[in-house]
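**Q** Spelled out, the chains give:
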Amino acid sequence: MTNGNVPQKAPGLWQKVLDRVKTWSRTQSPWLIHFNSGSCNGCDIEILATLTPRYDAERFGVQLHGSPRHADILICTGPVTRQARERLLRTYEQMPNPKFVVAVGACAITGGVFAGCYNVIGHIDEVIPVDVYVPGCPPRPEAIIDALVILLQKLAAGPKIEEAAS
Amino acid sequence: MTQPANRKRFTVPIGPQHPALKEPGHFAFDVDGEIVQSASVRLGYAHRGIEKATESRTWVQNLYLLERICGICSHIHATAYCLGVEKLAQVEVPPRAQAIRSLVAELERIHSHLLWLGVAAHESGFDTLFMYSWRDRETVMNILEVMTGNRVHYSANVLGGVKYDVDDQQAATIREGLDFLEERTLHYLEVVSTDSLFLQRTRNIGVMDREAAQLSGVIGPTGRASNVQRDVRLDSPYAAYADHPITPVYETTGDLLARFVVRLREQLTSIDYIRMLLDHLPNSPLTTRMPRRVKAGEAISRVEAPRGELFYYIKSNGGDMPDRIHVRTPTLCNIASVAQLVIGQHLADVPMILVGIDPCFSCNDRTSVICQDGQRDMWDWARLRQYGIDHYGTHYTKDLG
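Protein sequence lines, in the order shown, are assigned to chains A and B.
Going by the numbering used here, the letters in the first sequence line up with residues 1 to 166, in that order.
Going by the numbering used here, the letters in the second sequence line up with residues 1001 to 1401, in that order.
Just chain A, same shape as in the assembly (with noise of 0.2 Å):
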């Protein structure tokens, strides 16, 4: 929006080593910040599991953060509560682009065995985007570390980091 005046030009040489460097250095620390919108815990717990040393996905740089401002990726566990909603689209939208969700758990998905009770309005897609799935009740850590490598490798392809941006 801000350069509507300027002519769109095809990427100049630095211009290209620029995005190389940008998407290289988002590959080696994809930061984490994880929302629960109505789970049991039951997934929260699998994904704390995940960053611990068993499982360690802090080798791939992956690292849970507090602020949503410093984050590329949302994990969402559970089914969205009616309550619950407008904090999870204001955590998504306060995130910088180019940003990633990743739903993990049945009830994410669709809702779960909570499909249908009276404050549950829906799963994650529902409210805002989502990049990867990751099934289960709740999913194995291997599942969830499987999330991220498919996300890393998500983010190595650089053209569509800029189409996200744009």
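Any given hint could be a false lead.
[Stated by the list, open to error] Simulated restraints on C-beta separations:
hint : chain 1 : residue 1 : chain 2 : residue 2 : range
1    : B       : TRP1379   : A       : ARG59     : 53 to 61 Å
2    : B       : VAL1012   : A       : LEU13     : 22 to 30 Å
3    : A       : ASP146    : B       : GLY1344   : 44 to 52 Å
Calculated directly from the structure, the hints in this document are not laboratory data.
Backbone N, C-alpha and C fix where the C-beta goes; we use that ideal spot for every residue, glycine too.
Assemble chain B onto chain A, guided by the hints.
**A** What follows is chain B alone, placed relative to chain A:
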């Protein structure tokens, strides 16, 4: 520079999304400088409406729904529900099934307390202890997986018994794991009670004496750290606790340190108890026949969850679905004490005090209706039911946009 009376108070909001919280909850702390003056709690972000949902599922389906009230203490929720329904249906559960229920419950307590130890250490900035305790927690997760095939929702219970047996090979695996866990727990007990930096964050912080604990109705390990001598496993024994009583653990100081020590010592008693159970597993079938329809009536069941007393009220009208199920979880009793405990403490200690009660919002969250006009009145069952039908009816049909 300014008069103390003119000083403005600053409110620090925490949550619903916050690094110190693993689950959504909202807290507002009024601070004067570093010292907390007052606190308010707002919960309900994880409220899903499970109690209402139970009324439209069969007795067996509810077992799997109620297990998912909480991913940390899923077995104990299912146990409380099964005990209540079996009481209503007048079904006698075989002794071996009772023993296996207690066995899984104690394994779950070890897993829950190790998890809590890690999270609490993380809140104090002691991430090394967090990583070590979670590494060792994988041992008990392994044991649970060997027994039941699942890491988190083990689904060991069925109405009228249990699904899984323990054979000699599994018993050997469990014993081996317990030896390792015992050694590590003794090590952690030494760490939390001798590490001088850690002691500065726990000793004499968030002190609750016995009277204060009883006034705010604190239960479970949080209460036992303040010498409130209550444990459902002793006071009203269920499952295998009637035949084999468990040794209770009490501390007297009531500070954060005592809450650490109580939970770690409880782990040791759980380890001993599991060993004893494995030696004395009775021989019997695992399940009995359970009718599809449960006789009309009401039942309550109380069990000791890792966080304290878990209470179920179950009402049947003789059909294949319950008429009403009410769940009161330990966090609901304990959370009110946080608002008292944090007053006068440093803001930096607040996350530790909050975690000290081992809160579990997913168990706890419920909605409340606030009477705006300040009127109080009693609602009978029929009126409450009609209100529920009207309220949920409009919510279901409303465009959610």
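**Q** Take the hints in turn and mark each one as holding or not.
**A** Hint-by-hint comparison with the structure:
no., hint, result
1, TRP1379(B) - ARG59(A): 53 to 61 Å, "holds (57 Å)"
2, VAL1012(B) - LEU13(A): 22 to 30 Å, "violated (50 Å)"
3, ASP146(A) - GLY1344(B): 44 to 52 Å, "holds (48 Å)"
Of the numbered hints listed earlier, the single one contradicted by the structure is hint 2.
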